[in-house]
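S.K.: Anchor point for the sequence shown: position 55 equals 146 in our numbering, and the numbering is continuous, going up by one each time.
Rather than coming from a laboratory, the hints here were simulated on the basis of the structure.
Since the structure is predicted, the reported quantities are computational estimates derived from the model, not experimental observations.
Mixed in with the good hints there might be a few duds.
Stated by the list, open to error - Below 25 Å or equal to it, Euclidean Cα-Cα: the simulated DMTMM-like pairs (lysine to aspartate or glutamate) are: (1) K122 x D154; (2) K134 x D154; (3) K118 x E98; (4) K134 x D120; (5) K134 x E98; (6) K118 x D154; (7) K122 x E98; (8) K134 x E124; (9) K134 x D103; (10) K134 x D123; (11) K122 x D135; (12) K118 x E147; (13) K118 x D135; (14) K118 x D103; (15) K122 x D103.
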Amino acid sequence: MIPRITEARYIDGYTIWLRFNNGDEGKVDLKDEPWVPVFEPPKDLNRFRQFSVHPELHTIVWDNGAD
């Protein structure tokens with residue numbers, strides 16, 4: 092079974108706390124992750140904080156379509 096994100100919260104900087112459907116949870120810092128430009132989250136922290144969990148895909152998504 093592939094773990095799915097069930098909950099996500101902004102922590103600070105580019106760090107997000109995630110909870111998965113298998114009970115795992117923890118923080119992930121996305122600042123230095125390599126991104127393909129089309130999937131890159133916003134660099135502006137005000138926009139970065141405005142993510143949500145996609146209700147069907149169970150991924151983190153931003154208003155620019157990145158996930």
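S.K.: Against this structure, judge whether each hint is valid.
M.R.: So, going through the hints one by one against the coordinates:
Between K122 and D154, the direct Cα distance comes to roughly 18 Å. Compliance with the 25 Å bound is thereby established for this hinted pair. For the suggested pair K134 and D154, the alpha carbons sit about 13 Å apart, so the restraint of at most 25 Å is met. At roughly 12 Å between alpha-carbon atoms, K118 and E98 fall within 25 Å of each other, so this suggested pair holds. A distance of roughly 13 Å separates the Cα atoms of K134 and D120; the hinted pair therefore holds under the 25 Å criterion.
Straight-line distance between C-alpha atoms of K134 and E98 comes to about 22 Å, which keeps the hinted pair within the 25 Å bound. Taking the CA atoms of K118 and D154, the gap is near 22 Å; set against the 25 Å cutoff, the hint holds. For the given pair, K122 sits about 20 Å from E98 by alpha-carbon distance, which is consistent with the 25 Å threshold. Only pairs whose Cα atoms come within 25 Å are accepted, and K134 paired with E124 is accepted, the gap being roughly 12 Å.
Between K134 and D103 the alpha-carbon distance is near 13 Å, which keeps this suggested pair within the 25 Å criterion. Restraint check for K134 and D123: satisfied, since their Cα atoms lie roughly 11 Å apart, inside the 25 Å limit. Of the pairs offered as hints, the one joining K122 and D135 holds, with about 11 Å between alpha carbons and a cut-off of 25 Å not exceeded. For the proposed pair K118 and E147, the alpha carbon gap of about 22 Å is at most 25 Å, so the pair holds.
For the given pair, K118 sits about 20 Å from D135 by alpha-carbon distance, which is consistent with the 25 Å threshold. Straight-line distance between C-alpha atoms of K118 and D103 comes to about 10 Å, which keeps the hinted pair within the 25 Å bound. Note on K122 and D103: the hinted pairing holds, with a Cα-Cα distance of about 11 Å set against a maximum of 25 Å.
Violated hints are absent here; each numbered hint is respected by the structure.
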